[in-house]
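The UniProt record's numbering puts the first residue of the sequence shown at 1, with every later residue one more than the last.
Just so you know, the hints here were simulated from the structure itself, not pulled from any lab data.
Accuracy of the hints is not assured; some may be wrong.
Computed list of lysine-lysine pairs in PhoX-like fashion (alpha-carbon distance at most 20 angstroms, straight line) [stated by the list, open to error]:
#, residue 1, residue 2
1, K131, K251
2, K131, K167
3, K147, K131
4, K23, K147
5, K282, K167
6, K4, K131
7, K110, K23
8, K110, K20
9, K147, K106
10, K334, K251
The structure displayed is predicted, hence computed values, not measured ones.
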Amino acid sequence: MDLKYDHTLLLVDDEPSILKALKRLFRREGYRILTAEGGQQALDLLQREREAVSLIISDQRMPAMNGAVFLERSMDICPRAIRFLLTGYSDMDAVVDAVNQGNIHKYLSKPWNDAEILLLAREALYQVELKLENRRLTQLTGRQNRKLADLNRRLEETVNERTWALKYQNKMLQNMNIGLEKSLMGTIRLLVSLVASSNPGLGSYMKATAHVARGIAVEAGLDEDAQNRVEMAGLVHDIGLLGMPETLLEKDERSMSAEEFDAYRQHPEIAALSLSSVEGLKAISEIVGAHHENLDGSGFPNGIMGGDLPTGARILAVAADYCAVLHLWPKGVKRLLYAARRYLSHDAVSAVEIADGPEMRREVAERMIIAGAGKRYDGTIVRHFLASIGSDPGKNNIYQLAFNLLKEGMVLMEDLRLQDGRLLLTRGTTLGDGAVQSIQSIGHRGMIDGAIAVTMPSPGNAEKEDRP
């Protein structure tokens, strides 16, 4: 990945030899380097360079002010910079506190690996550039929308707003496609990052949809390429909703007004058109464009039915609706059941086991999918879906392991938290050798309770990135 901007790095360590080694390592990459031998000196530097610094790398153990405290204080001065913390295994408590306070992006163990720290730094700087580009495009969109409002206010919330949103998404996709040298999965993952940065709830929902959709595709016996297409479609299927009011996104289709539904029904076409403009994503766009079509022809936007529906779209329809109940429907029990009554019979709703928790939400979601079989959903796909979410965990290569049995390359299937509830690593993290050693060190100190859910990629997937 090529960086478009010049970047400044701030290196902080009380040991001159370490500063010299880091400075020599990063200078070869063409970055501007600033150094400080302590937290206060680094804060003074940031006061002068706050707009220029993109990445801060700080040691944890320093006199007067440790790395975690310094990085926390640096947030007020330079909030856009990404932060790395260099630490030994014995400093793990401080690392966990810093992660939970949101002050660091990565923590690196000493001694570091030169190739790894260079790659992590480049990825972090690329994220900085995405935010800069997103801000620039957002400002551009805002200026254009204000001009349109002056010309015709009646069109502000309809045609022109959607037109400019579409132009913005096309430009965003084209820029990302060039930057990633037409890497399909890379482009998709960047799209998910952008969605999550502007609407975390929508981003989390689309990631969950992709996970469920791939499970159905595996159960249905689709080949690897088809599984990848379904998963990628799940990751971006609702990008056409960007720019719509969040209050609209929280509603199910049957509770929308006619005006709201008219705006909502455009999003599959908007997403499909945006994706089709990127070379290599046309197959994904076809799945996304048809994921709101129904088996009986009552869906939108084109009323496609039966055998004309792509298999990927049939899978995505089930996965998206199931995950919408889990992630987007009302949180309260009463409101959830009220929404469910629009889709389920009185007997079906009455049979739901009332409990304020995820099990009830899953039960409502499953009943809704089953009720729609043969009308909205393909009955065969529904059977594959039920098998995929109810199958033995071993069938999906998911294992519940003690901390001392973890191996490099395994992927966390749930957030890893300490015994007191603090977050250590998020779901989807691929464990490197350093992470495994750190987890085992913490586990031996009695800070991890219970088994850890992980999966080991199959040999055919070993070189693929970890999925969200």
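Item to check | Hint check, failures only | outcome: 1, 3, 4 and 9
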